[in-house]
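In order, the protein sequences belong to chains A and B.
Throughout, my numbering is defined as the position within the first sequence, counted from one, plus 195.
Throughout, my numbering is defined as the position within the second sequence, counted from one, plus 6.
Because the hints were derived from the structure by calculation, they are not lab data.
We treat Cβ as the ideally placed atom computed from N, Cα and C, and that holds for glycine.
You may find that some hints are simply not true.
[What the hints assert, rightly or not] Rough simulated footprint, nothing fancy, chain A against chain B, three-plus residues with beta-carbon under 8 angstroms:
{"hint": "1", "segment": "353-359"}
{"hint": "2", "segment": "438-445"}
[Stated by the list, open to error] With the Cβ distance kept under 8 angstroms, some of the chain A side facing chain B (calculated, not the full set):
{"hint": "3", "residue": "P248"}
{"hint": "4", "residue": "S275"}
{"hint": "5", "residue": "T417"}
[Unchecked claim] Which residues of chain A face chain B? A few of them, derived with a C-beta cut under 10 angstroms, are:
{"hint": "6", "residue": "A211"}
{"hint": "7", "residue": "A218"}
{"hint": "8", "residue": "F239"}
{"hint": "9", "residue": "L264"}
{"hint": "10", "residue": "L271"}
{"hint": "11", "residue": "L273"}
{"hint": "12", "residue": "Y483"}
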Amino acid sequence: MTARDSPWNVAFSRLAGDRAAMASLIGLFLIVLACALAPFYARFVAHSDPFRPNLDGSIVVGGHTEDILQAAQNPLHLGSAPIGPTWGGQYLLGADGQGRDVAARLLYGGRNSLLIAGAATVICLFLAAVVGIVAGFLGGWVDQVFSRLLDILWAFPVYLLAISLSVVLISSSLHIGPITLGANSLLLPIGIIGIVYVPYVARPVRGHVLTLAQSDFVLAATGLGVPNRRILVRDILPNVAPTLIVFAPLVMALNLLTESALSFLQIGVQPPAASWGTIIADGQTLIYSRPLVAVAPGLAIIATVLCLNVLGDGLRDALDPRAKLRVRA
Amino acid sequence: MLHPALGDQPIPAVRLTFALLLSLLTCTGHAEAPDRAALMRAHRGGELHLTAYQPAGTIDPQINYIADFWQIYFVTQDGLVTFRKAEGADGLQIVPDLAEALPDITDDGRTYTFHLRQNLKFSTGQPITVADVVASYRRMFKVLGPNVGSWYNIIVGADGCLKNPATCTLDGGVVGDPAAGTVTIHLTHADSEFAQKIALPFASILPADTPPHDLGTTPPAATGPYMIQSYDPVRDMVLVRNPYFHQWSEAAQPDGFADRIHYRYGLQAESEVSAVENGSQDWMSDPPPLDRLAEIGGSYTSLAHIHPLLAYYYLMLNTRLPPFDKVEARRAMAFAVNRKVTVNLYGGPALGTPICQLLPKGLAGYAPYCPYTKNPGEAWSAPDLAQARALVKASGTAGMKVTIVCSDREVERAMGVYLQSVLSDIGYDASVHSISYNIRDPYMENSSNHVQVGLTDWYQDYPSPSDFLNVLLSCASFHPGSDASINMSEFCDPAIDADMQQAMTTALTDLNAANTQWTAIDRKLTDLAPLVTLFQINKLDLVSARVGHFRSSPLFHFIFSEAWVR
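Just need the whole structure built from these sequences, with the hints factored in.
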């Protein structure tokens, strides 16, 4: 086998040939780039602080000064609504109920949503890999202990577990020795979301490792007296890696949805910070008068999850040799 | 403390003025008396459809402390006295109900003698007797109603009842004379507000054989024009006419127009608005969502009724925790809050009026006072951030961490986020912590939770200055570590406590002098700023087009018996 024919190169070339996967990758890159540029946008384009209420402010639109929070024009003077989309630099997508620039918050919210989803994915895959590989390879009582722990975790509906943990930890903060994680810490949702999906990845990893442990090359290495640690690192992990890579975008998509749900329920990212979930929650009360406040982050979530799922499919096709055989057949 | 189901709403100045004038000009129910029989002939019958997202718990009138069900008790239950079923200031007037007349008060205000009306019956057909009255007062203690320890503990024998509720006799406290048809209540000391306290549903008269425990979903025997026929907290409540009711006092308990009242639960507020607009429901208990207000104010003006309430939103500032243990820090907060913004977040100027002081407009003793504004005087005009920042600097508390607690209801959460920005603006490291509305007050009331600043509201139980000043800020209202410590600010000033006791004593003999004293106390407390009042609340009732003769009591709001549907 030449270097050009290595499994990874083959996988990369397959992925590069998958137009849908590449389009998703580009889309994802653009979303991440836009969110990364949030401070630039807020400062130089929107000219606003996306975290500070601006309920008594005003802006000039088309030569006219308009209040950010506009009193409803009706005989009873009932109700008020934030300014709608200006389609200009300031308040491109309008303001939310606190008079903050929705577009700027959308980008800042994306940073938090993607950061939480991404970090939780890393934690989830790391824990799942450790648990799955150790349990599957060592077997015996180690496998029994890890498997039962996974069973216990799996017994809870994911959202119920995440909501329960969030409510408790956000209400009372997390105290670990001298370290205290308050309600505003992003580490809380990252940790919670990172843990709840571990069984969903660890299980298939463990199954894969069980098969690998009985394969000829592993048995041969064991027979030759190769230490377990070396077998795990040199023989097992490289074979499990494609599974983890395929899981990565799919788990990240699930994490993004979970983070949005928790934040929507006000037990994720805490104000005045934003995530796409909190912006939807903010827009819920404006759904009749300013629907874009809720629709815009919703569309952002849909686009991101769609990209991640299509990319996940592409990675699976690229890394699964049997899939290739099926195609060739 | 009376918790309403949810927010409420307001009114344009012109309409409010008109409503107040109208109430002053017409008021008394007596003016309508000659026409009422004709109105009853023309409009009696039909079914009134009410809706709420959720019910309000037990239907035991001696236990339930929620405004939604007090509205129900207002037309099903009666006490010896009650508040007149009328709009405006007349609705604050005490009138005889099951008693023939207002009580004879003797013994320096410590003895109240009532003459029970004759020939009245419960909805079960049993006659209402002196024994029922005595038993009802005992039952208040046996079921340990929410306020027996604070409102009714001055009845002779109450101490023993509070210690051993099951064996409560109120011996020597509530004495019935069946032959004379009188009930005499002896107090340990005079209380100028006792008549108001027994006009509330806790002092409803029930049959003597009513079980001495929470009735839960079992309807109590009624005395008013309606009785609860069934109550399913998951689905609905049905009220039908009380077959044994006959109108004995139009002021106290007028006959109802509708034959039946159906109270349905489960609709979200959004759906409730649509249901009332299209006429499938006649009235919604919950406040309309903010996003529907413009629609109501624009397209459904004839369905909207707005009334000022003796209620306000306020910030409790914990006077025993930094930074608000310093009066300068508290005053800084009072100067910094833009009350106009909080009103807008609540639904616009029609639904709230900015205030600075602790006594709401419309209450005895109220005299306009606002030191916490640009151009201090009688009314709030604008925040004074420069003054606020200077006070924070002077207090030496700048940079401290402050967490504001608010409920998760959309309006309060929005106000919480805004107030967090205000705290940041004046120099604090602020964060906001929203909690379930269901635990908002108990959480803030419990000193173990160390709440520094919290957003909440207060609705009067009965129309007296003491129900605001004494209840919210007296030393006796603070109970460390308790979920039932209404004095959330943990404020205690013995000198002001003494002033309040003096005002309550003065009220026994000279109401005007007492009101003057309350005015002075209001100013003292406002200056010390243990609370920062934000705005006085106006209530928006949305009723369907087919509902006529809508009447709203300032205490109990929509009077169901007064509305007709045909």
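Would you settle whether the hint for Y483/A is holds or violated, based on the nearest Cβ-Cβ distance to chain B being less than 10 angstroms? It holds, given that the least Cβ distance between Y483/A and chain B is near 4 angstroms, below 10 angstroms.
Interface hint outcome for T417/A [beta carbon to chain B under 8 angstroms]: With a minimum Cβ separation of about 56 angstroms from chain B (threshold 8 angstroms), the hint on T417/A is violated.
Interface hint check: L264/A, Cβ to nearest Cβ on chain B, cutoff 10 angstroms. Holds or violated? holds, 6 angstroms
Quick check: do three or more residues in the segment 438-445 of chain B have a beta carbon closer than 8 angstroms to a beta carbon of chain A? Since three or more residues must qualify, the claim that chain A covers the segment 438-445 of chain B holds, with 4 doing so at under 8 angstroms.
Interface hint outcome for P248/A [beta carbon to chain B under 8 angstroms]: holds, 5 angstroms
Given L271/A was flagged as interface, is its beta-carbon under 10 angstroms from a beta-carbon of chain B? Holds, about 4 angstroms.
Given a cut of 10 angstroms on the nearest C-beta pair, is the interface hint for A211/A held or broken against chain B? violated, 46 angstroms
Could you check if A218/A really has its C-beta closer than 10 angstroms to a C-beta on chain B? violated, 37 angstroms
Answer holds if the nearest beta-carbon of chain B is closer than 10 angstroms to that of F239/A; otherwise answer violated. violated, 23 angstroms
L273/A as chain B interface residue, shortest Cβ-Cβ below 10 angstroms: Since chain B brings a Cβ to about 3 angstroms from L273/A, closer than 10 angstroms, the hint holds.
Does S275/A pass the interface hint, meaning its C-beta sits closer than 8 angstroms to a C-beta of chain B? holds, 5 angstroms
Count the residues of the segment 353-359 of chain B whose Cβ falls closer than 8 angstroms to any Cβ of chain A, and tell me whether that reaches three. This one holds; 5 residues, not fewer than the three required, reach chain A with a Cβ under 8 angstroms.
Consistency with the previously given hints fails for numbers 5, 6, 7, 8, ordered from lowest to highest.
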